[in-house]
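A.B. asks: Here's the letter readout for the chains.
There are 4 protein chains.
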Amino acid sequence: MSLNSFGHLFRVTTWGESHGPALGATVDGCPPGIAVDEAMLQHWLDRRKPGQNKYTTQRREPDAVRILSGVFEGKTTGTPVQLMIENTDQRSKDYGDIAEKFRPGHADITYWQKYGIRDYRGGGRSSARETAARVAAGGLARAALAALVPGLSISGYMVAMGPHGIDRSRADAAEIERNPFWCPDAQAAADWAEYLDGLRKSGDSVGAVIEVTVRGAPAGLGAPVYGKLDTDLAAAMMSINAVKGVEIGDGMAAAALTGSENADEITMGPDGPVYNSNHAGGILGGISTGQDIVVRFAVKPTSSILTPRRTITRSGEDTTIVTKGRHDPCVGIRAVPVGEAMAACVLLDHVLLHRGQIGAAGGSIGPAR
Amino acid sequence: MSLNSFGHLFRVTTWGESHGPALGATVDGCPPGIAVDEAMLQHWLDRRKPGQNKYTTQRREPDAVRILSGVFEGKTTGTPVQLMIENTDQRSKDYGDIAEKFRPGHADITYWQKYGIRDYRGGGRSSARETAARVAAGGLARAALAALVPGLSISGYMVAMGPHGIDRSRADAAEIERNPFWCPDAQAAADWAEYLDGLRKSGDSVGAVIEVTVRGAPAGLGAPVYGKLDTDLAAAMMSINAVKGVEIGDGMAAAALTGSENADEITMGPDGPVYNSNHAGGILGGISTGQDIVVRFAVKPTSSILTPRRTITRSGEDTTIVTKGRHDPCVGIRAVPVGEAMAACVLLDHVLLHRGQIGAAGGSIGPAR
Amino acid sequence: MSLNSFGHLFRVTTWGESHGPALGATVDGCPPGIAVDEAMLQHWLDRRKPGQNKYTTQRREPDAVRILSGVFEGKTTGTPVQLMIENTDQRSKDYGDIAEKFRPGHADITYWQKYGIRDYRGGGRSSARETAARVAAGGLARAALAALVPGLSISGYMVAMGPHGIDRSRADAAEIERNPFWCPDAQAAADWAEYLDGLRKSGDSVGAVIEVTVRGAPAGLGAPVYGKLDTDLAAAMMSINAVKGVEIGDGMAAAALTGSENADEITMGPDGPVYNSNHAGGILGGISTGQDIVVRFAVKPTSSILTPRRTITRSGEDTTIVTKGRHDPCVGIRAVPVGEAMAACVLLDHVLLHRGQIGAAGGSIGPAR
Amino acid sequence: MSLNSFGHLFRVTTWGESHGPALGATVDGCPPGIAVDEAMLQHWLDRRKPGQNKYTTQRREPDAVRILSGVFEGKTTGTPVQLMIENTDQRSKDYGDIAEKFRPGHADITYWQKYGIRDYRGGGRSSARETAARVAAGGLARAALAALVPGLSISGYMVAMGPHGIDRSRADAAEIERNPFWCPDAQAAADWAEYLDGLRKSGDSVGAVIEVTVRGAPAGLGAPVYGKLDTDLAAAMMSINAVKGVEIGDGMAAAALTGSENADEITMGPDGPVYNSNHAGGILGGISTGQDIVVRFAVKPTSSILTPRRTITRSGEDTTIVTKGRHDPCVGIRAVPVGEAMAACVLLDHVLLHRGQIGAAGGSIGPAR
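Residue numbers (the numbering used here), protein chains in the order written: chain A, 1 to 369; chain B, 1001 to 1369; chain C, 2001 to 2369; chain D, 3001 to 3369.
Same shape as in the complex, but just chain A:
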């Protein structure tokens, strides 16, 4: 069963462990004729790459992606695209201690209990390193979206680090690329830098909230009732390491609203329906409305920390653990490009699904023609 796969028509299977020879993504169902090359994919991987500043793990890997199949003379052929990233900086010796002890809050213990065997080096398959393959696949999805849905854009950014949220009245998209946190609020970014520095020095870590906005998606994407656009986005984001919550539009806060508050009223504009608000996050009944699609997810703090925690060994003895090695004090930072990549894959998937199910357009709104 493709339990390491996601997507309906654009189907991504990731493979590989943190400290094996390589990892990658096998992508089946990419339409033919899409212009793509390794440099285009590398652009997105470089955004996620660790070791770029003091706030992410100091593991240094080129994370160079290779296209092994499915592309001929610069274009996809409609056959599977194999994207491989070799692991080059593996330093296995750093991880000796966790072969025997389970890190609290980490998948160490559950992988052991499930499989009876685990590649403990660097977290093996449960390492955040697996997300590099997602970013590579997301780059391919972006290339296909650019060809199929011109004008669609996907932007991820951090809206809270630990207990410190951004001030949305100060948010400016142009800031996102200007700080190491992909934070749209320059003031918050400055505060976070100081906050995280303190945490890092104290050997602790912290969580974060990431938001991804998709602009320019047409109305009509999404397949009720179990392949809804929001259902697939929720699954995609929840599958990212350390994610504990997912929200669409107002998310959990929608529960506190009344029906009259929550209704995104509609008026008719020159180009179709205009919504006067976007509590729904661009999705009604699992189908896109044409508004901005807004998805948000919470990343818990890195569980590999220098602060000693009580735990047990594989042979059942009580002990404590201090996780050395190179770990991100806020793994949520690197989750930003991952969230974007997942959104890109899900959107492309639903563009293809819609085309298969519906062919051309669905119903139009306006005077009968």
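Think of the hints as simulated: they come from the structure by calculation, not from any bench.
You can take every hint at face value.
Below, computed lysine-lysine pairings styled on DSBU-like, alpha-carbon distance capped at 35 angstroms:
(1) D/Lys3324 / A/Lys75
(2) D/Lys3075 / A/Lys49
(3) D/Lys3075 / D/Lys3049
(4) B/Lys1324 / B/Lys1049
(5) A/Lys49 / A/Lys324
(6) C/Lys2324 / B/Lys1075
(7) B/Lys1075 / C/Lys2049
(8) C/Lys2075 / B/Lys1324
(9) B/Lys1075 / B/Lys1049
(10) A/Lys49 / A/Lys201
(11) D/Lys3049 / A/Lys75
(12) C/Lys2075 / C/Lys2049
(13) C/Lys2049 / C/Lys2201
(14) D/Lys3201 / D/Lys3049
(15) D/Lys3075 / A/Lys324
(16) C/Lys2075 / B/Lys1049
Output of the computed footprint for chain D on chain A, the stretches with three or more beta carbons under 8 angstroms from beta carbons of chain D:
(17) 13 to 26
(18) 112 to 124
Sample of chain B residues facing chain C (criterion: CB under 7 angstroms; computed from the structure):
(19) Asn1004
(20) Arg1011
(21) Gly1016
(22) Glu1017
(23) Pro1021
(24) Thr1026
(25) Lys1075
(26) Thr1077
(27) Gln1082
(28) Tyr1115
(29) Ile1117
The C-beta atom is built at its ideal place from N, Cα and C for all residues, glycine as well.
Model the placement of chains B, C and D on the given structure of chain A, informed by the hints.
C.D. replies: Just chains B, C and D, lined up with the frame of chain A:
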């Protein structure tokens, strides 16, 4: 494509519209030899049934489920189980207005834009009535779980209505069945009754937060990295009508914690690992730990309200809409048994998957034997 | 897992047993806006219906199909279509003997060994009666194909009964509807009538070879390398009860040819490529060429016969069995409309897949434009 | 969509083109704890490797398989296993002519018509080279079967080359490994050598019939009605390049039998049911009986031949083609290990499915205990 299906090995496909002849669930992959009959399923449907008190829609349907296949002499045979519920109280005349106008916050407009045709009567396929089929399937899943994992229990309850949350220090499981809101906090339930009465009279509606706890699930359930237990739970809950957010364990609040706070420390107990807290909601790396599994979701307020809202017609004219008919002022109430049912289906599915992938148990913890 | 389902985008799940309350097909993925009603489906079911002449089982059922969902005001809505056929003539008492004894050549013993429980009445799920659901789904697929691929036609016919094949030089499509065997060779049909009469009287049965030809399918359908058009056709036909072999084009005989004989040479015609022969059966590399698609399958003789055969009981005792009841002396006759239905479903599925994957057309042949 | 994948729980996705950097198989769902290394897989690849004798293509590739993931310290971990084979001897210049002309009987034209782009070098994705990935995956399946079903064996062999079949009365399993054709009849092998030599010299090619026998499979494998064991075997074999027909047991010949002839009578033996014949090929109702499972398939002659054939160019001009390069005069020879590999994958898949669906055993036959 089974876009109206969920589950890997225990695969549920729901079908049917609010005002068609019938609706139901086609369940493929139920293990053979499970004792089940219509009365056992009816028990769960009766919990969800509308018209039971003044807080839910006054539509009165017996919602009687029939088993059309897959059960022989009181036991499942391993072949597909067809569960059908006939629609008897359809009063289509109530819905005349919404044939032409789109309700704000409702799937009316997106179904039209996607498909170019929609059964507008009572919301058609996007009606909350679809969830009756889920509850029937969930009843079957519960029967199978009772046979395969004795001791596992699933309990749903409401933890917030609109802005009013429960006080967890007052929570008492015994209260859940004693009020119409499945609320574990008797005081909150009393307050909600008054609050909802006011809303109902004013023609408005409100959202809610539901929590489902699974007790007694073994460690090892869940299939990383895209068939994780939390990923599947998130998708299952997000697929329910009107759900806008899903959380596992601490959920969105996990982002505000430090790594040392978030670590559920482990000590060795007489029967295996003991966790000193449960921020993780019973799932690490997508695999169950053996602790309580805790999933929470937010239901937005019903969009069919008596308060007038601005909208447009199918021919593109601005107008206002007042939705008469029989609607729930807090559709979240009826979402409680639906959330339980979805949890039951996902859990059973992962029990079967684990058995297929792993056979017997995975790794043990304790002195080498 | 949808092990009772087939199809990628047009996904058919059949459910139901021979002697349960009903059986049917849950069809997910039918495009919206397709004109269909019960009478259109009934047309195809009536062709398959037993009891029409002395060569098929005398079980008399109206086999009336009901559409329970997915169709509104005479058109599909893009939501699941539930097709139900109630079982009315069940005479369970006829089947008492086979509750304890396993019929040689029948699924009785393997269902028991697999599931440890079986609905023995009339073969339960393994009854040829399950194919009624396929024919209903095939009717829906034909309606969609008529809208999406005008000019496509599907014709099934019998080319051999037992050892007696047709003479292809005498074949005439107009004959197919004129005899109870869907035989294109009038002389063969007359011979078969006499032959089958003798077999029936002696309490024996016989096999058959069925061929299905699809005309008017465009080039480009089929998804290499494991969703090939021929792969899916082979699986579809092999899944029909009692089928033991499937051939595309020359089939098994292709093995005896040389490469120069087998090459279907190509010349350029006014409307595109013209093939001078069709050894390939209209499929190269798993993709349709635009020629006639030809698939053939062998149906073994009915295993329920009046001739005594040695067998064992469930408790392991040697015995003999004589299967009374109403059985087809040549179950292959009723397999003709079933083969057509399966071909219709597979073709529609690949039309939708192609549309989803490729969008409009693929590569053109001819002078650069 | 995983259209380049097969299998339910043991899911194999092959990727790669004949003349790209590499090809391989992404295998998801392999149980953990299976002992496997590259040498074990290489053993099976070496059997398929071209250039071993004058009867197969003279392309010389080491076809060295690398395990990139999913194996740790010599055992599978339950995570995806990536098997990669680099392409080293690509000689693209040999294939210049087929960039513009379509080979009759080859997928050249249909890939072009479908995708509008194709990697024409060596057939690209439609090359028989893709089957190397299947053989690697089949090696992994064999390793898992050895652990899970001790005593199960899989043997493929050729039973006809062109019009020349073996004499089954002379068949001897020990001969299979002694001649380049995997032929169990030494006399036939000698005749074929001479026959094929003549064909090769004349620049022609020929088809073949391959049979695969699985011994030692337990009763109860197979999932009716669309995941039947024979359905999955038929799809698996039909998906192999150049296969035009698939048979189970008596196959197409079953059509010529009467019910009394076809019934495999059953008596009770000391260890369970004993069948007095095996017309069914070990499968009844899609479920294994415990007898030998027998599947047979026809491979058409190689379409790349030196004999000139009429065809057209991409720009629509009539022409003739002579395919130079290194091609197998009887591609069926190399299909033998491929058929074995596909059988291994399908069998393992159904072993895992059965375990997931049924748990332990199904029904027993014998005196009540």
